[in-house]
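Protein sequence lines, in the order shown, are assigned to chains A and B. Under our numbering, think of the first position of the first sequence as 266, with each following residue one higher. Under our numbering, think of the first position of the second sequence as 244, with each following residue one higher.
Incorrect hints may have been included.
[To be verified] Calculated lysine-lysine pairs in the BS3-like style (CA-CA distance at most 30 Å, straight line):
no. : chain 1 : residue 1 : chain 2 : residue 2
1   : A       : K468      : A       : K285
2   : A       : K280      : B       : K298
3   : A       : K359      : B       : K428
4   : A       : K293      : A       : K272
5   : A       : K400      : B       : K297
6   : B       : K428      : A       : K400
7   : B       : K502      : A       : K330
8   : B       : K501      : A       : K280
[What the hints assert, rightly or not] Below, a sample of chain B positions facing chain A; criterion: calculated Cβ distance under 10 Å:
no. : residue
9   : I246
10  : H249
11  : R252
12  : D343
13  : A346
14  : F348
15  : P353
16  : S355
17  : R361
18  : R426
19  : S429
20  : E453
21  : K455
22  : I498
23  : K502
Keep in mind that the hints were calculated from the coordinates and are not lab data. Ideal placement from N, C-alpha and C gives every residue a C-beta, glycine not left out.
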Amino acid sequence: MAIIETKNLTKYYGKSKGIKDVSLSVQKGEILGFIGPNGAGKSTTIRILLSLIYPTSGSATIFGKDVIQYGPEIKRDIGYLPSEVFYYENMRVKDLLEYSASFYKKDCSKRIIEISGLLKLDLTKKIDDLSYGNKKKVGIVQGLLHDPELIMLDEPTGGLDPLIQKNFFELLREESREGTTIFFSSHILSEVQKICDRVAIIKDGELINIESMEHLIQNNYKRIHLTTREKAEDGLFKLPGVSDLSVEKNQVSFLYKGDVNTISRILAQIDLVDLIVGEPDLEEIFMHYYR
Amino acid sequence: MNILRHELRQNRNSTIIWTVSLIAIAGMYISIYPSISQSTDYSNLVNNFPAAFKKTFGISDSFMTAFSGLYAVVLNMVLLAGAVQAMNLGTNITSREMRDRTADFLLTKPVSRMSVLRQKLLSVFMLTVVTDIVFLAVGWGLIQALLNDQYQFSTFISSSLSLSLIQIFFIAFGILLGAVLPRIKSVIAVSLPAVFGFYTFGMLDTVIGEEKIKFLTPFKFFNLNTLTAGGGYEIGMLAYLAALTAGAVIASFAIYQKKDIRAL
């Protein structure tokens with residue numbers, strides 16, 4: 266059974282499109298990266314899943330239950346970290362975390378100490394006095410203190426220093442190993458690349474691709490650079506699977522997705538000075554989708 | 244009931260301040276009553292106030308001759324302040340978490356929106372009851388200390404209950420505004436105009452007519468001069484108040500349940 270399943274999820278804010286026909290499923294124990302630029306519909310999707318907003322059409326289930334009908338019940342096992350954290354004035358970190366814990370019918374005190382220790386968060390401070398990064402840590406602790414089965418992260422790492430980020434990712438990996446499912450939304454590709462099993466790419470409110478990270482980076486896409494002896498004809502490269510093509514004098518560069526034999530036959534026709542076939546980073550693949 | 248506890252704590256200080264203010268307003272007037280009631284100069288002064296001024300402050304002909312007249316003026320002001328307090332509390336129920344951007348925190352917890360509103364409403368109700376009880380106790384204490392038995396306890400209680408009644412209306416009205424308006428940047432910017440609007444509107448009674456206006460502003464639901472002189476409430480108006488309140492609360496709950504909590 267899928268932990269998250271959405272079917273043709275659509276949300277319009279008045280006339281402007283939030284997301285359209287988003288269908289995806291996330292399996293147990295998986296870390297799904299959800300990437301797209303700001304305004305692509307990442308937060309809209311997450312907010313529908315958390316029943317903060319209501320879809321215009323389509324449906325979504327978490328743990329096999331409809332997110333609207335069973336919202337409160339589902340949320341017992343969800344931990345959510347919003348992209349921007351705001352908490353009640355005049356509360357100490359400890360009070361806020363205890364308030365957060367009071368919503369779950371279990372003792373969370375041990376976990377609070379564990380996680381805040383790992384993130385080096387001072388529990389006695391007033392939240393108002395914390396820096397942005399430290400507030401974010403409060404967000405992480407409140408999202409994880411009840412050992413949720415599903416963790417939803419909406420651009421979680423902003424403001425965290427690299428060391429803490431590393432600890433945080435380690436924490437997520439550990440949760441994942443124990444079977445926790447993680448939905449990781451981000452526009453920072455390198456962090457998605459570090460941690461996710463699969464990536465869903467969303468653009469202008471529409472899901473344009475879901476692939477495994479391995480598949481996305483290693484098996485399919487090649488970044489090919491050619492240096493030709495004579496000026497290259499760009500017509501030669503206009504074939505399916507080629508994108509981000511640039512031809513300048515005798516320099517040719519493009520992304521290729523498809524059968525390597527096809528491209529090697531084409532390359533064989535050209536008088537080459539140099540050939541570099543590399544793995545594109547996610548950034549490049551991403552850029553290709555957003556051109 | 245964790246939200247209830249949290250809400251009580253969040254509103255504790257402001258409730259103390261409001262309670263003290265209500266008592267200060269009433270206390271000031273009650274304490275000068277013994278001296279002004281014996282002064283003919285003061286009596287002449289008040290009698291020469293323009294009629295419109297007298298009406299604005301609820302000053303009746305019995306203002307100088309009986310405590311009930313003065314207490315009507317006191318209540319008039321206490322009601323105004325109490326209404327602002329109630330409206331702030333009410334509006335906050337449905338708007339504060341969004342304004343302070345804590346809605347994402349609260350509404351992603353395993354709790355239904357209905358339960359959130361119920362607990363918040365209960366907390367506001369409790370805070371208002373506490374305010375009113377303290378007000379009644381201190382007010383009666385002052386009257387006892389300064390007026391030695393000139394005023395009946397039952398009349399005092401019955402007339403002072405108008406404070407709670409008007410607060411109930413404004414809590415409900417506040418909840419409704421908080422639920423309907425997309426985003427309230429400042430509660431006081433909504434509550435002050437609303438309360439003073441209703442109050443000022445109540446002065447148009449000669450234009451609109453006594454019988455009509457009493458349905459249009461809560462400040463005319465009951466006549467303070469009648470109440471402080473020992474008269475009772477009109478059952479019909481109490482039923483009207485109850486119906487309006489229930490309607491506003493039910494509508495607010497329905498709207499809030501379906502409201503999109505937009506990202507910021």
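Results for each hint:
{"no.": "1", "hint": "A/K468 - A/K285", "in the structure": "holds, 10 Å"}
{"no.": "2", "hint": "A/K280 - B/K298", "in the structure": "violated, 51 Å"}
{"no.": "3", "hint": "A/K359 - B/K428", "in the structure": "holds, 28 Å"}
{"no.": "4", "hint": "A/K293 - A/K272", "in the structure": "holds, 18 Å"}
{"no.": "5", "hint": "A/K400 - B/K297", "in the structure": "violated, 55 Å"}
{"no.": "6", "hint": "B/K428 - A/K400", "in the structure": "holds, 23 Å"}
{"no.": "7", "hint": "B/K502 - A/K330", "in the structure": "holds, 21 Å"}
{"no.": "8", "hint": "B/K501 - A/K280", "in the structure": "holds, 18 Å"}
{"no.": "9", "hint": "I246", "in the structure": "holds, 9 Å"}
{"no.": "10", "hint": "H249", "in the structure": "holds, 6 Å"}
{"no.": "11", "hint": "R252", "in the structure": "holds, 9 Å"}
{"no.": "12", "hint": "D343", "in the structure": "holds, 6 Å"}
{"no.": "13", "hint": "A346", "in the structure": "holds, 8 Å"}
{"no.": "14", "hint": "F348", "in the structure": "holds, 7 Å"}
{"no.": "15", "hint": "P353", "in the structure": "holds, 4 Å"}
{"no.": "16", "hint": "S355", "in the structure": "holds, 5 Å"}
{"no.": "17", "hint": "R361", "in the structure": "violated, 13 Å"}
{"no.": "18", "hint": "R426", "in the structure": "violated, 14 Å"}
{"no.": "19", "hint": "S429", "in the structure": "violated, 15 Å"}
{"no.": "20", "hint": "E453", "in the structure": "violated, 45 Å"}
{"no.": "21", "hint": "K455", "in the structure": "violated, 39 Å"}
{"no.": "22", "hint": "I498", "in the structure": "violated, 13 Å"}
{"no.": "23", "hint": "K502", "in the structure": "holds, 9 Å"}
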